[in-house]
Structure formats: structure tokens, C-alpha cells
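Just so you know, the protein sequences line up as chains D and L, in that order. In this text, residue positions in the first sequence follow the numbering used here: the first is 1, and each later residue adds one. In this text, residue positions in the second sequence follow the numbering used here: the first is 393, and each later residue adds one.
Note that these hints are calculated values from the structure, not bench results. Quick caveat: nothing in here was measured; it's all calculated off a predicted structure. A portion of the hints provided could be inaccurate.
Under the rule of at most 25 Å between Cα atoms (straight-line distance), these lysine to aspartate or glutamate pairs were calculated in the DMTMM-like manner [said to hold, decoys possible]:
| id | chain 1 | residue 1 | chain 2 | residue 2 |
| --- | --- | --- | --- | --- |
| 1 | L | K735 | D | D49 |
| 2 | D | K54 | L | D727 |
| 3 | L | K548 | D | D306 |
| 4 | L | K548 | D | E155 |
| 5 | D | K200 | L | D790 |
Listed below, chain by chain, are the residues.
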Amino acid sequence: MSKPLEVPTMDMENKEVLRRIEIGGDMLLNMGPQHPSTHGVINFLVQTDGEVMKRAIPEVGYLHRSLEKIGERCTYNGYMPYTDRVDYIAAMFANQGWAMAVERLLGMQVPRRAEFCRVIACELNRISSHLISVGTMAMDIGAVTPFPYALREREFINDLLEELCGARLTYNYLRIGGVAFDLPSGYEDKVSAFLDHFEKILDEFNRLITYNEIFIKRLAHLAPIPAQMAIDYCLVGPNLRASGVNFDVRKALPYSVYPDFQFDVPLGKGEVGTVGDAWDRFWCRVEEMRQSCRILRQALAQLPQDTAIMGKVPRKIKIPEGTEAYSRIESARGDMQYYVVAGPGENAHRVKIRTGSFTAMGIIDALSRGLMIADLVALIASLDVVAPEIDR
Amino acid sequence: MQGFIDNLIRGWGYDPASWPWTQFVYVAFMGLFSFIVINFAAISGGIFSWAERRIAARMQSRVGPNRVGPAGFLQWIADAVKLLFKEDLIPAEADNVLFRAAPYFMMVGFACVFVALPFSHRLIIADMNIGIFYILAVTALIVVGIIMSGWSSNSKWSLFGAIRSAAQIISYEIPAGMALMIPVLLAGTMSTQGIIRAQGPWPWQWFIFDDPAATAAFFIFFISALAEGNRTPFDLPEAESELVSGYNTEYSGMRFSYFFLVEWGNLWVMSALAVTMFMGGWQVPFLPAERLDALTGWAAFFAEVASVLIFALKTLFFVFVVMWLRWTLPRIRVDQMMNMCWKYLVPASFVSVLFVAGWMLVVRSAPAVGIAMRFLLAGAATVAVVLFVQRVAHNLRDTGDKFDFTSNW
């Protein structure tokens, strides 16, 4: 006789907040789903006593589009445009994760020039994604000017990526086995001209906001995540590295041509406050943009001159049923993983995407206790969550 | 203005003291003047809304509204017309009466200030002997309007904004009031015109450079004025990223625009007050107040125009500074805002008042010390401005930016 299944009990308080019942004299505040600073359609159930929060419970699921299920219905090639929508701010990474997973299913090699094209596109995309992140974070703290500054630079990157693949947001640039288009003529010069300009702008950005006294006062010591806690809550990417944990998939589990490049992994040092506070997370992203510039310069210098940008991919991709593949890449929001099980026909049996924003939502409840409402906004911004990446 | 009307009545051939219609003429002119002043307040608020949008756009490397009229100057009229035609929505759960009344309280508290604010040597509605006291009293009406709007909206976000605003405005009135006591001490009067007359046209004659405590008082007043006007870094009551829009979240149409009219009109009020109290007001160089009084005919007219221009230019400079701060600084948190007021500004303002009282005794016994201090502080301010300009030039060189004031108009 089997034991009856044990039902996990939820503490009463949690249940009542989730049912939107006001507890005691506390106010229950619905922050979202149409709140300007929740970075997309997310709801936060905030139990608060005046300005001080008792806790904030993130309620996700407003932006669920069944992307993983769609992946099981589409052909392998046909799913590529859908992956753009997993994280529309850094679509190139979702493309790459999918492409790498299917390439592993096929057991194929990608031409070297295509790998360089991928790295160039991805690092440009990482800069543009981090620009959005730091810009909106400054705006959530109340400084509006850094946001247009960041978006202005992002427009240059959008122009570059548009020249590369014709799209400014959902790129659909990568293909299984390579990339869709080779770099246009003169592209290297345009990118390095942009990098020369952008590195100066980063210094200006630091002067404008990063070391602003009020900005530091708002963010230093705010919601620090100790290294162990960051690991326990499965944080990835800049959120994890801001806590001082040196884990970057590009270094730890090298993929593509990243081993060819010299770059540092910026770690949170608690320069103005505690290690792993909100300011460290902000600073990590600013520094990562600098490192992306370094990678881009090296990639442009070492670009192979051969012309193949597509490997040999069968016209109809058929993979033995039950074959599994797993890919891990360092997306702008951290470790992004694809797990694919091949199905009987031309499509997958199972697609699972693991994204950084979803796990970052889990830590908000634990960190939010005792913060103020204004801090919750800063905390959400510092974790750089993107709503579609949470729900997929 | 009473003197002006009395002169007018004398010009008609009557004695204002015994003529039975004097009071009616007074009332008629009061109506006329209040019409002019409310229009000035509203139009300056409108123009500032355009100016702020253009200035913000420049600072953020955008273009800003540039379609309606030359350089988009008529944008504020287009906005007002649009807001007039919009539906005046009142939420079903809102307290109807309070919700409708709240914007008027704000408008009244704001418009009343202009009664005691000088515009030039002769242009002032009423030069009251308690002018400063009156201004401090009527500005407090604004907070009544804000609390009413926040409470009656019956929305949690509005309530948050209103409570923040009440805490903020009431707290910062204390350092603002104490800082304003310093010019009052120095001039020996509470009349706004009297305080300007006690200063001179040149920077070293201004109250801001009278002594270190007066300089500190100016900054205390300016910070407190920012807080009372809900301007960044103290824009917590309407913090967009936190409270959606704060106390005016549920408002729409013209009622909504009243809140913003007050906010932008307040720019003039706080700047004009700073100029009046610390920056020598309308004082014209080479024309002391006594000689201005004695002038007649066209000479008096041109001197008057000069004093209006001087006052307006100084005020507009501060309006620009306030806008500049808004588009530069982040917002502080509620506890930091309260800390700053009660732990730093309030004690500093009390100490400043005591210091100035002592300093006045010192200057009375040794006037040369007072003059030396004035030149010293004015010189220090000049050095600070030069260093600032150098720093800006350095930053511009560093980034390779260029000034561009000509394109995109």
C-alpha cells in the first residue's frame, strides 16, 4: 500500500495575501499588472504598513504565451522566430540557445565565421539589453535623463543590428547550423566606430548617474544578496556575479568561440556599500558593457576571412526520437538553458527553456521584507527582470 | 497699489478720504488686479510647461514639442484646449464633493501668494507689512488641496501620494520659514518691498552674501522650496515610478491640469521669493531705491521697465535651475527626505538665525567686518562659478560633445 501523497502546506499568511485578503491592520496593495515600473505585466501583492512593506509576493503568469508548447508543435527551423519572443530585449541569445541545442541534436559543427557573426551579434545585443536595464533602473530611482541617454546609444546598436539582419527587436538572425546573413561590407569599421564612441559615453554615463550621491544613497546597502543566498535562489548572470560569485557561462562552460577572447568577469565588490547590494548589480551591468566592447574589438580583429556562414544542415531535420540535447549560454540576463528532446517527426517532443528572470522573481519575497515601497521598485529594477522571460 | 488708486481718484478731482465711491473703486480695481494676477500665474505656469519640456528635451538629447507655433511655443495652449475638452471623470467610489473641490484649494493657495509677491519697484498688488508671514500662511493651503485629492480619490496610490506630500510639505515649512526669518532680521521688516529696499543692486549688497549663515539660509530655503513645490529630488508625492502618479492619479481633464498649473506656477513663486529675499529683487544698478521713488515721467517708466526686467531675469534663472535639477537628480526616499529635514535642515536653520543675530551685533560695532565678509563671500561665489564652468568644459571635451543650440527648433 502506497503512502498517501503529502500535500505541501502553505502558511496561512501566504494564502491570505494571495487571495487578496487584508491581514490585520495592514494594507494590501496590488502593484501591477499595469504599474509603470514593474517592467512588464507582473503583479506584486504588497502587504504594507504605510510606506514600509511587510512583504511583496510576485504573482507571475500574466504574460504566459506557451512558448515551450509551441516549440513542440513547430519544426526545428520554424521555432526560431518564436525564440525571439522569449526575451525580446535580448532576442539574439534566445536564438543562440535554440540553435545550439538543435545543433547538438544533429551533432554538427558551425562554420567558424558564423560563430564570429553570432558572437558579434550577441555582444552587441548584450550591450543594448544592459543599456535598457541601467537606463530603466535610473528612471525607477527617479532620474529620467539617463534613460534617454541609454536609449540613444541603443538606437545606434539597433541600427547596426538592423543592417545585419533587417530587424531591430526580434532579430531571427541565427539559423540552425549558422547565421542567416554574413556581415555586410564595411560592418567591422562601423562597429569599431561605434565602440570608440560608446566607451566614452560609458564614462559619461558613470559621471551622470552611477556615482551620483543620491543614487548611491538610494541603492547602497539596499537588498544585499549574500553569495550563498544567491546560489540557493538560483540567481544567474549579473545578479549572481554582483554577489561576488564568479560564474559566467562564457568562462565556466565555454561555448562558441568565446575561449578565443580575453575578457574579465566583473564581480560585485561592494564599492559603495555591501557586496551584492542593488548598486553592485547596477555597476556589474555597466562594467559588463565595457567587457562586451573588449570582446567585440577582439572578434572584429580575429574575424576569419572564409565565406561559409552555414553548416551542412539537412533540408528536413529529422532526429532519432528520444535524442536529448542541452545547451547553456550566457544571456544578458544570465544562464539561459534549452533542453530539447527530439520527437518522432520534424519537431521536438519536449522543449524546456530555463531563464534568469524567473528565478530572480523567487528571491523578491525574501528580500522585500522590511523594505520601503520605493525600495521594491529599485529592487525589481536591479534584478533586471523582463516579463516575457519570466512567463515564456 | 492703494496709493496708485488714491492718485487716480485725486486725478478725477475727488478726495479719496471723503469721496463716497472710494470703496467701490477699490473693489473694482481689486477685481481687475486679481484677474490680471491669476492670468499671470496661469500663463506663466503654461509657458513654464512648454519651457520645461523643451529644456528637458535638450538635456536628454531629444527634440521636444516643436510643432505648434514657433519652436512649439503654443504647445501649452493646445494642451490646455485639449484638457478643457476632455471628460472630467470622477471615479464611482470617490468622494464626489471633496474630489471636485480639491483642485480649487490648490489654485487658491497658489494664486493668493501673488498678492504679496513684488514684480518691480512699483508693481505689487499689496505691499503688506506682514508680507512674508502672509506668503508662508497661504502656501499651506496647497497641502490641504493635496490631502483632499488623495483622500477623496479612494485609491491607495493617491492616498500614499497625499500622505507623503502632507508629511513633506509640513516638515519643510519649518526650515523654509526659519530661513526666511534671516532676511527679515537683516532688513528689520516683513514687507517684501522693504526687504528688497534693504538690499542693493550689486551681488555683494545682497542678503545671500551678508554672512555665511545667510548663504546657508539661502540654500536651506531653496532646498525646502523644492520640497514644498514637489520638485525633484523631492517629487515623492507624485513619484511616477513608485506611485503611478501620486495624489492626482485619478484626475482627468481640466481638474488634472490645475495640479500641474500649480506645480509649474510654483516655479515662479519659489524663484521670485528667493530673488526677493536673498538676491536683491528688482534693484537697478546705479539707481538706488530713493532715486527710483523720486523719478517722474518717462524716466520713471523706463526705470520701472528696467526693474521688471531685472527681477524677471533673476527669477527665470532660478526657474531654469529648478528645471535643471529636476532633469539631473534621482529621487530620494521617504525616510531620507524626513531625515534630511529634521536632522539637518531644521537644526541648521535655527543655528543660522542665531548666528545672524550675533553677526548683526558684530557688524553694528565694526561695520568694516561686515563689508569685508560681503566681498569675501561674493568673491568665493565667483570662484565657484568659474570652477563649475571649467568642469563643464572639461567634461564636454572628454565626451567630444558639441553645443548645438540652433538645430531642431
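Evaluated hints:
| no. | hint | in the structure |
| --- | --- | --- |
| 1 | L:K735 / D:D49 | 24 Å, holds |
| 2 | D:K54 / L:D727 | 16 Å, holds |
| 3 | L:K548 / D:D306 | 63 Å, violated |
| 4 | L:K548 / D:E155 | 37 Å, violated |
| 5 | D:K200 / L:D790 | 8 Å, holds |
The structure fails to meet hints 3 and 4 from the earlier list, while all remaining hints are met.
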